[in-house]
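First to last, the sequence lines map onto chains A and B. With my numbering, the residue at position 251 of the first sequence is 251, and numbering never jumps. With my numbering, the residue at position 223 of the second sequence is 223, and numbering never jumps.
What the hints contain is simulated information worked out from the structure, not anything from laboratory work. Note that beta-carbon positions come from the ideal geometry of N, C-alpha and C, so glycine has one too. Any given hint might turn out to be false.
As the list claims (entries may be wrong) - Label pairs and their in silico Cβ distance ranges:
#  : chain 1 : residue 1 : chain 2 : residue 2 : range
1  : A       : I245      : B       : T137      : 39 to 49 angstroms
2  : A       : I245      : B       : D26       : 54 to 64 angstroms
3  : B       : G185      : A       : W38       : 30 to 40 angstroms
4  : A       : G291      : B       : S221      : 52 to 62 angstroms
5  : A       : G291      : B       : M1        : 40 to 50 angstroms
6  : A       : W38       : B       : R12       : 32 to 42 angstroms
7  : B       : Y125      : A       : G28       : 38 to 48 angstroms
8  : A       : G28       : B       : A37       : 34 to 44 angstroms
9  : B       : S57       : A       : A100      : 48 to 58 angstroms
10 : A       : G291      : B       : Y13       : 19 to 29 angstroms
As the list claims (entries may be wrong) - Not the full set, but computed from the structure, chain B residues with beta-carbon under 8 angstroms of chain A:
#  : residue
11 : T2
12 : S43
13 : C86
14 : Q147
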Amino acid sequence: MPPEGGSVGTGAPAASEIYDLGYRGYDGPRLGRAYAAWSLFTASLRAAFGLGRPMRSKLAPWGLGAVALIPAAVSLAISASVGPQFSPFSYDDFIWQMQAIFGLFVAAQAPELVGGDQRHHVLALYFSHALERIDYALAKLGAMIVALVIVMGAPMIVLWVGRILGSTDLAGAIGDELGALPQVLGSPILHAVGVGSVSLAIAAFTPRRAYATGAIIAIFIIGQGVAQAVSRGTTGALRDIGPLINPFVWLDGTRDWLLGRSVPESPVVRSDLSLATYGLVALLFVAAAIGLTIWRYRRIDA
Amino acid sequence: MTLIATRGLTKRYGASVTALDGLTLDVEPGIIGLVGANGAGKSTLIKILLGLLAPTSGEATVLDLDVRTDGSRIRSLVGYMPEHDCLPPDLSATEFVTHMARMSGLPRAAARERTADVLRHVGLYEERYRPIGGYSTGMKQRVKLAQALVHDPRLLLLDEPTNGLDPAGRDEMLDLVRRTGTEFGIATIVASHLLGEIERVCTFLLAIDAGRLLRAAPLASFTERTGTLIVEVEEGSRELADRLTAAGAAAEVDGRTVLVDLPDERPYDLLRDTVAELGLALVRVEQRRGRLEDLFRDAPEVTDAA
Chain A
1 MPPEGGSVGT GAPAASEIYD LGYRGYDGPR LGRAYAAWSL FTASLRAAFG
51 LGRPMRSKLA PWGLGAVALI PAAVSLAISA SVGPQFSPFS YDDFIWQMQA
101 IFGLFVAAQA PELVGGDQRH HVLALYFSHA LERIDYALAK LGAMIVALVI
151 VMGAPMIVLW VGRILGSTDL AGAIGDELGA LPQVLGSPIL HAVGVGSVSL
201 AIAAFTPRRA YATGAIIAIF IIGQGVAQAV SRGTTGALRD IGPLINPFVW
251 LDGTRDWLLG RSVPESPVVR SDLSLATYGL VALLFVAAAI GLTIWRYRRI
301 DA
Chain B
1 MTLIATRGLT KRYGASVTAL DGLTLDVEPG IIGLVGANGA GKSTLIKILL
51 GLLAPTSGEA TVLDLDVRTD GSRIRSLVGY MPEHDCLPPD LSATEFVTHM
101 ARMSGLPRAA ARERTADVLR HVGLYEERYR PIGGYSTGMK QRVKLAQALV
151 HDPRLLLLDE PTNGLDPAGR DEMLDLVRRT GTEFGIATIV ASHLLGEIER
201 VCTFLLAIDA GRLLRAAPLA SFTERTGTLI VEVEEGSREL ADRLTAAGAA
251 AEVDGRTVLV DLPDERPYDL LRDTVAELGL ALVRVEQRRG RLEDLFRDAP
301 EVTDAA
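Let the sequences and hints guide you as you build the complete structure.
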């Protein structure tokens with residue numbers, strides 16, 4: 001794009017330059033609602049990683065993303081030098097062990113995705129375009145979830161590639177590790193849907209960034225401490241149900257149910273709840289979070 | 001084509017606040033001024049036309065499309081510049097306007113091209129690559145206008161476009177609005193409580209008060225000659241008025257001037273003869289023109305609904 005049309009050096013005053021260019025109409029395609037929603041999704045996904053924004057917007061997502069990757073890389077190095085059987089992480093417990101990092105990621109980025117549009121009244125513009133209110137809610141939810149799939153999935157894939165490359169018997173390792181693919185891909189997707197929908201629902205309810213971040217930290221990080229304390233310190237129904245305050249607990253139970261093996265540190269192993277119950281709880285929480293987000297944007301004054 | 005038509009349009013907030021009260025109007029394309037005091041219902045009407053607010057009762061169409069059922073289609077053909085601040089501070093004008101063009105369904109390449117065009121039109125140059133957070137109010141207003149224009153709308157809805165601008169900024173913004181309406185040929189509705197501004201750019205006027213239509217007519221009809229003659233004399237306005245009244249004309253003193261009712265041509269001769277008889281120094285004789293202010297000054301007092 002030439003910066004100033006063709007008038008550079010003519011010395012013409014700016015006003016007449018504007019005037020002389022004339023106005024051109026637009027007769028090209030208007031792609032409508034679905035395209036607008038898709039565009040909002042891709043723009044929001046970029047925003048989740050601070051792309052196209054100042055450096056300070058990139059700090060949190062890229063910093064936390066790197067912190068999530070480092071253990072996987074270290075694990076890769078250890079298994080390459082000592083052997084895969086000494087890897088400090090398994091596919092089953094990686095997200096559980098790193099949950100504080102992912103909790104911080106949504107605490108920083110969920111308010112980034114939805115808070116600013118409320119704070120700066122940009123919603124009035126969105127809702128006066130081809131987009132419907134529900135499209136806005138779903139595009140933002142989708143962007144949050146896909147951002148998490150990337151942040152949670154990248155280290156898992158590093159782990160997976162590392163195990164294959166670190167093996168002495170490459171062909172045999174590929175055969176072994178192929179069977180782990182459902183976990184390597186499924187676990188990040190499952191966790192991203194749960195963590196993304198709950199955190200975005202919380203963030204959507206306030207234009208104030210500090211409130212949203214605080215509430216998300218309370219649920220995901222303080223909630224983890226509470227879940228562990230309740231799980232270890234109580235018995236019976238409280239021990240089983242109390243830890244469900246932390247989404248990572250019901251997500252771990254669901255993962256256990258669908259994809260893998262138990263994580264010894266997880267409250268799930270000390271609970272009498274069936275694994276399928278965790279799946280049901282997860283379904284209810286995710287449905288409630290998505291429903292609340294849509295409801296919020298239907299009601300919000302633009 | 002009817003630009004906007006409403007039938008008995010009513011909007012109530014809760015039980016006590018009535019923002020629009022049975023508004024019925026038909027508007028043809030042009031530059032239309034929507035005037036009324038703060039709280040008269042201008043913003044509410046605009047939001048209903050955009051489908052952002054649902055009316056409590058009544059009907060409204062924009063470009064022959066129903067606001068209740070064709071909201072999405074209407075919004076893709078309409079550009080809206082809100083009254084309040086609505087820009088994200090961390091994006092540049094180029095990025096933001098391109099994004100909004102895509103929200104109207106323009107493909108990526110077309111969105112970029114149109115953004116460059118309209119930002120030039122509104123007079124934003126190098127600064128369009130810097131974050132909006134550092135812009136002056138005048139620059140922000142230009143970005144708001146640019147995002148409303150970027151998808152080449154058939155109708156522009158501008159809500160108080162000169163809000164917060166200094167006199168020079170007002171002049172520039174009004175000039176932009178006039179050019180958009182006349183040269184670009186985009187039907188434009190300008191909501192404002194500043195009659196002087198409306199007078200400068202609009203060709204048609206919608207005056208609303210307390211949610212009801214006060215008057216809808218071409219701007220010229222508001223300022224056309226009235227049936228009153230203004231007669232200014234050096235001194236002796238009292239004597240002149242008395243003589244004229246005695247001779248059967250309706251005249252009253254207003255400072256140094258005498259206002260004479262003009263039902264037909266007869267008072268002219270009477271005035272000439274009377275001034276000559278009294279030997280008065282005549283300064284000026286002219287037919288009074290209407291003023292927009294009269295519209296609201298003469299409006300019936302409406303008791304507060306709230």
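We went through each hint and held it up to the structure:
The hinted window of 39 to 49 angstroms between A:I245 and B:T137 holds, with their beta carbons roughly 47 angstroms apart. The hint said 54 to 64 angstroms for the Cβ distance between A:I245 and B:D26, and at roughly 59 angstroms that hint holds. Between B:G185 and A:W38 the beta carbons are some 31 angstroms apart, a value that agrees with the proposed interval 30 to 40 angstroms. Checking the proposed 52 to 62 angstroms range against A:G291 and B:S221 shows it holds: the Cβ atoms sit about 54 angstroms from each other.
The hint said 40 to 50 angstroms for the Cβ distance between A:G291 and B:M1, and at roughly 42 angstroms that hint holds. Range check, A:W38 to B:R12: about 37 angstroms between beta-carbon atoms, so the 32 to 42 angstroms window is met. At roughly 25 angstroms, the beta-carbon separation of B:Y125 and A:G28 lies outside the given 38 to 48 angstroms, and the hint is violated. Between A:G28 and B:A37 the beta carbons are some 42 angstroms apart, a value that agrees with the proposed interval 34 to 44 angstroms.
Between B:S57 and A:A100 the beta carbons are some 54 angstroms apart, a value that agrees with the proposed interval 48 to 58 angstroms. Judged by the Cβ atoms, the range 19 to 29 angstroms given for A:G291 and B:Y13 holds: they are separated by roughly 26 angstroms. Below 8 angstroms, beta-carbon pairs count as interface contacts, and B:T2 has none with chain A, the closest being about 21 angstroms; its hint is therefore violated. Hint status for B:S43: violated, given a least beta-carbon distance of 11 angstroms to chain A, over 8 angstroms.
Interface restraint check for B:C86: the shortest CB-CB distance to chain A comes to about 5 angstroms, inside 8 angstroms, so the restraint holds. The criterion of a C-beta within 8 angstroms of any C-beta in chain A is met by B:Q147, whose closest approach is roughly 7 angstroms, and the hint holds.
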